[in-house]
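Engineer: Protein chains in written order, with the numbering used here: chain A, 104 to 207; chain B, 172 to 288.
Bear in mind the hints are in silico, worked out from the structure with no lab data behind them. Note that the Cβ used here is the ideal one computed from N, Cα and C, for glycine as well. Fair warning: there could be bad hints in the mix.
To be clear about the criterion: a stretch of chain A counts as covered by chain B if any three or more of its residues have a C-beta under 8 Å from a C-beta of chain B, and this derived list gives those stretches [what the hints assert, rightly or not]:
1) 122 to 133
2) 138 to 148
Here are the simulated DMTMM-like pairs of lysine to aspartate or glutamate, each with C-alpha atoms no more than 25 Å apart in a straight line [what the hints assert, rightly or not]:
3) Lys206/A to Asp130/A
4) Lys188/B to Glu234/B
5) Lys188/B to Glu266/B
6) Lys206/A to Glu170/A
7) Lys228/B to Glu118/A
8) Lys228/B to Glu193/B
9) Lys206/A to Glu234/B
10) Lys228/B to Glu108/A
11) Lys188/B to Asp174/B
12) Lys228/B to Glu266/B
13) Lys228/B to Asp193/A
14) Lys157/A to Glu170/A
15) Lys189/B to Glu266/B
16) Lys157/A to Glu243/B
17) Lys206/A to Glu118/A
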Amino acid sequence: GIQVEQSPPDLILQEGANSTLRCNFSDSVNNLQWFHQNPWGQLINLFYIPSGTKQNGRLSATTVATERYSLLYISSSQTTDSGVYFCALDDMRFGAGTRLTVKP
Amino acid sequence: EADIYQTPRYLVIGTGKKITLECSQTMGHDKMYWYQQDPGMELHLIHYSYGVNSTEKGDLSSESTVSRIRTEHFPLTLESARPSHTSQYLCASSEYSLTGWITDTQYFGPGTRLTVL
Numbered sequence: 104g105i106q107v108e109q110s111p112p113d114l115i116l117q118e119g120a121n122s123t124l125r126c127n128f129s130d131s132v133n134n135l136q137w138f139h140q141n142p143w144g145q146l147i148n149l150f151y152i153p154s155g156t157k158q159n160g161r162l163s164a165t166t167v168a169t170e171r172y173s174l175l176y177i178s179s180s181q182t183t184d185s186g187v188y189f190c191a192l193d194d195m196r197f198g199a200g201t202r203l204t205v206k207p
Numbered sequence: 172e173a174d175i176y177q178t179p180r181y182l183v184i185g186t187g188k189k190i191t192l193e194c195s196q197t198m199g200h201d202k203m204y205w206y207q208q209d210p211g212m213e214l215h216l217i218h219y220s221y222g223v224n225s226t227e228k229g230d231l232s233s234e235s236t237v238s239r240i241r242t243e244h245f246p247l248t249l250e251s252a253r254p255s256h257t258s259q260y261l262c263a264s265s266e267y268s269l270t271g272w273i274t275d276t277q278y279f280g281p282g283t284r285l286t287v288l
């Protein structure tokens with residue numbers, strides 16, 4: 104199956120900082136999603152982005168399918184952004200996640 | 172806001188018991204999924220379904236079963252619980268198109284935290 108690799112595994116930021124999370128995959132995909140899992144365990148879909156760029160407030164994502172990677176940008180981070188960010192591919196294979204901690 | 176529900180939210184049981192975790196969604200989604208997740212770790216697909224009377228196995232399916240008799244309901248059963256089953260179980264749903272696995276966003280329930288003593 105497709106291999107998914109997320110980086111960095113852990114990220115600690117001060118409130119207000121910007122960050123970039125990366126998802127690499129080993130083969131072409133038809134579908135890619137980014138999720139945020141909050142500290143209480145609830146998973147929320149952030150972007151459905153098999154290709155191109157999307158933006159939603161302080162978050163944006165870009166998938167370059169030909170290069171087999173996707174990036175999630177978080178600008179002006181807030182403490183509520185803390186949690187684990189996962190990317191998932193079209194066979195519902197999840198990466199190991201990036202654990203983000205935003206300090207006040 | 173997604174309308175997908177899981178019960179119970181927390182369950183503590185003894186080894187060898189048979190348990191059923193419930194999942195329901197009111198969005199009319201055809202595709203539903205069960206995942207197992209240890210705290211802070213990646214999700215592992217257990218089972219999924221394309222629609223009524225459809226069930227498929229994922230990576231961790233060997234010790235559990237599912238059924239899909241109604242579109243909105245997708246229960247997961249562990250025939251004989253073991254301490255190794257202690258984990259969080261997440262149910263999800265999405266729309267499904269014949270052109271691919273997922274055509275729209277995937278919505279997750281709040282999860283069931285299972286502890287097997």
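Engineer: Confirm or reject each hint.
Structural biologist: Results for each hint:
no.: 1; hint: 122 to 133; verdict: violated (count 1)
no.: 2; hint: 138 to 148; verdict: holds (count 6)
no.: 3; hint: Lys206/A to Asp130/A; verdict: 36 Å, violated
no.: 4; hint: Lys188/B to Glu234/B; verdict: 13 Å, holds
no.: 5; hint: Lys188/B to Glu266/B; verdict: 34 Å, violated
no.: 6; hint: Lys206/A to Glu170/A; verdict: 33 Å, violated
no.: 7; hint: Lys228/B to Glu118/A; verdict: 42 Å, violated
no.: 8; hint: Lys228/B to Glu193/B; verdict: 18 Å, holds
no.: 9; hint: Lys206/A to Glu234/B; verdict: 41 Å, violated
no.: 10; hint: Lys228/B to Glu108/A; verdict: 23 Å, holds
no.: 11; hint: Lys188/B to Asp174/B; verdict: 30 Å, violated
no.: 12; hint: Lys228/B to Glu266/B; verdict: 19 Å, holds
no.: 13; hint: Lys228/B to Asp193/A; verdict: 16 Å, holds
no.: 14; hint: Lys157/A to Glu170/A; verdict: 17 Å, holds
no.: 15; hint: Lys189/B to Glu266/B; verdict: 31 Å, violated
no.: 16; hint: Lys157/A to Glu243/B; verdict: 31 Å, violated
no.: 17; hint: Lys206/A to Glu118/A; verdict: 6 Å, holds
Taken one by one, the earlier hints fail for this structure at numbers 1, 3, 5, 6, 7, 9, 11, 15 and 16, listed in ascending order.
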